[in-house]
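As you go down the protein sequences, you meet chains A and B in turn. Using my numbering, the letters of the first sequence correspond one by one to residues 457 to 569. Using my numbering, the letters of the second sequence correspond one by one to residues 749 to 866.
I should point out that these hints are in silico values taken from the structure, not numbers from a laboratory. Accuracy of the hints is not assured; some may be wrong.
One-sided excerpt, in silico: chain B residues whose CB lies under 8 Å from chain A [as the list claims (entries may be wrong)]:
| # | residue |
| --- | --- |
| 1 | R765 |
| 2 | P788 |
| 3 | G791 |
| 4 | F837 |
| 5 | T855 |
| 6 | F856 |
Straight-line C-alpha distance at most 27 Å; calculated DSSO-like pairs for lysine-lysine [what the hints assert, rightly or not]:
| # | chain 1 | residue 1 | chain 2 | residue 2 |
| --- | --- | --- | --- | --- |
| 7 | A | K513 | B | K804 |
| 8 | B | K816 | B | K786 |
| 9 | B | K786 | A | K469 |
| 10 | B | K786 | B | K819 |
Facing chain B, according to a computed beta carbon distance under 10 Å, are these residues of chain A, among others [what the hints assert, rightly or not]:
| # | residue |
| --- | --- |
| 11 | V460 |
| 12 | S489 |
| 13 | F501 |
| 14 | L546 |
| 15 | E557 |
| 16 | F559 |
Just so you know, these numbers come straight off a predicted model, no measurement behind them. Ideal Cβ placement from N, Cα and C applies to all residues, glycine included.
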Amino acid sequence: KAGVTQTPRYLIKTRGQQVTLSCSPISGHRSVSWYQQTPGQGLQFLFEYFSETQRNKGNFPGRFSGRQFSNSRSEMNVSTLELGDSALYLCASSRRGGPNEQFFGPGTRLTVL
Amino acid sequence: DQQVKQNSPSLSVQEGRISILNCDYTNSMFDYFLWYKKYPAEGPTFLISISSIKDKNEDGRFTVFLNKSAKHLSLHIVPSQPGDSAVYFCAASAREAGGGGSNYKLTFGKGTLLTVNP
Numbered sequence: 457k458a459g460v461t462q463t464p465r466y467l468i469k470t471r472g473q474q475v476t477l478s479c480s481p482i483s484g485h486r487s488v489s490w491y492q493q494t495p496g497q498g499l500q501f502l503f504e505y506f507s508e509t510q511r512n513k514g515n516f517p518g519r520f521s522g523r524q525f526s527n528s529r530s531e532m533n534v535s536t537l538e539l540g541d542s543a544l545y546l547c548a549s550s551r552r553g554g555p556n557e558q559f560f561g562p563g564t565r566l567t568v569l
Numbered sequence: 749d750q751q752v753k754q755n756s757p758s759l760s761v762q763e764g765r766i767s768i769l770n771c772d773y774t775n776s777m778f779d780y781f782l783w784y785k786k787y788p789a790e791g792p793t794f795l796i797s798i799s800s801i802k803d804k805n806e807d808g809r810f811t812v813f814l815n816k817s818a819k820h821l822s823l824h825i826v827p828s829q830p831g832d833s834a835v836y837f838c839a840a841s842a843r844e845a846g847g848g849g850s851n852y853k854l855t856f857g858k859g860t861l862l863t864v865n866p
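Let the sequences and hints guide you as you build the complete structure.
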């Protein structure tokens, strides 16, 4: 069974630009969650999508948004990039969502210059 | 306000000995706890979990202990192996107020880098 895939793996952008990251969950998984990992803050929850609906949201500004498609694939968008948005963005999928094991992708390393 | 704390950023242990990773939490609504392991350039991998109705859960070399009164959990790895060298994250979840079904979200600690020396 293929794991969670994320594209692109690496991305370099400049301040003010916007970026879209993509996540394909494990087949059959309907829940996709997004996390931001930085050295200072660790892993922070961004949002969770389940059956194309945002079900949970973390404490991030509105510049961070996401969506989920009918095939459960998910995209995350960050607009008006800031230097502090440089981070590893991880997506995780699970069959139903909830606290049980989530399967993480390898992440997208975003660098904002 | 950091609700899940891993106060040791790093831990070094000899191969064959016990590794003990600690985690403290402040939110009394947390009712499910998980440990993840992360290698460089890979996403975190689920290791073991425990529900708040239990105080211990064991899976092979990994045991998680939960002390609800102290709001503390720990992960024991026995015996430690060099391949266990990784960053370990503690995570906790609570059912969101007003939500139904599976409205959970995970709150992670900042991680502890475990190094197991041969």
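Now the hints, each set against the structure:
Taking 8 Å as the C-beta cut-off, the interface hint given for R765(B) is violated, the closest approach to chain A being about 26 Å. Annotation: P788(B) was flagged as interfacial toward chain A, and the flag is violated, the nearest CB pair being 11 Å apart, outside 8 Å. Interface hint at G791(B): satisfied, since its Cβ lies 3 Å from the closest Cβ of chain A, which is below the 8 Å cut-off. Hint status for F837(B) relative to chain A: holds, with the closest Cβ pair at about 6 Å, below 8 Å.
With a least beta-carbon distance of about 7 Å to chain A, the hint placing T855(B) at the interface is held under the 8 Å criterion. Against a cut-off of 8 Å between C-beta atoms, the interface hint on F856(B) holds, since the closest Cβ of chain A lies about 4 Å away. Note on K513(A) and K804(B): the hinted pairing is violated, with a Cα-Cα distance of about 31 Å set against a maximum of 27 Å. For the hint pairing K816(B) with K786(B), the CA-to-CA distance comes to about 26 Å; that is within 27 Å, so the pair holds.
The suggested pairing of K786(B) with K469(A) holds, with an alpha-carbon distance near 26 Å, which does not exceed 27 Å. For the given pair, K786(B) sits about 24 Å from K819(B) by alpha-carbon distance, which is consistent with the 27 Å threshold. At about 7 Å, the closest approach between the beta carbon of V460(A) and any beta carbon in chain B falls short of 10 Å, and the interface hint on this residue holds. Because the smallest distance between the Cβ of S489(A) and any Cβ of chain B comes to about 7 Å, under 10 Å, the interface hint for this residue holds.
Taken as an interface hint, F501(A) checks out: its beta carbon lies about 5 Å from the nearest beta carbon of chain B, inside 10 Å. The beta carbon of L546(A) comes within 5 Å of a beta carbon in chain B, closer than 10 Å, and the hint placing it at the interface holds. Interface hint at E557(A): satisfied, since its Cβ lies 4 Å from the closest Cβ of chain B, which is below the 10 Å cut-off. The restraint placing F559(A) at the interface with chain B holds, with a minimum CB-CB distance near 7 Å, inside the 10 Å limit.
Of the hints listed earlier, those the structure fails to meet are numbers 1, 2, 7, in rising order.
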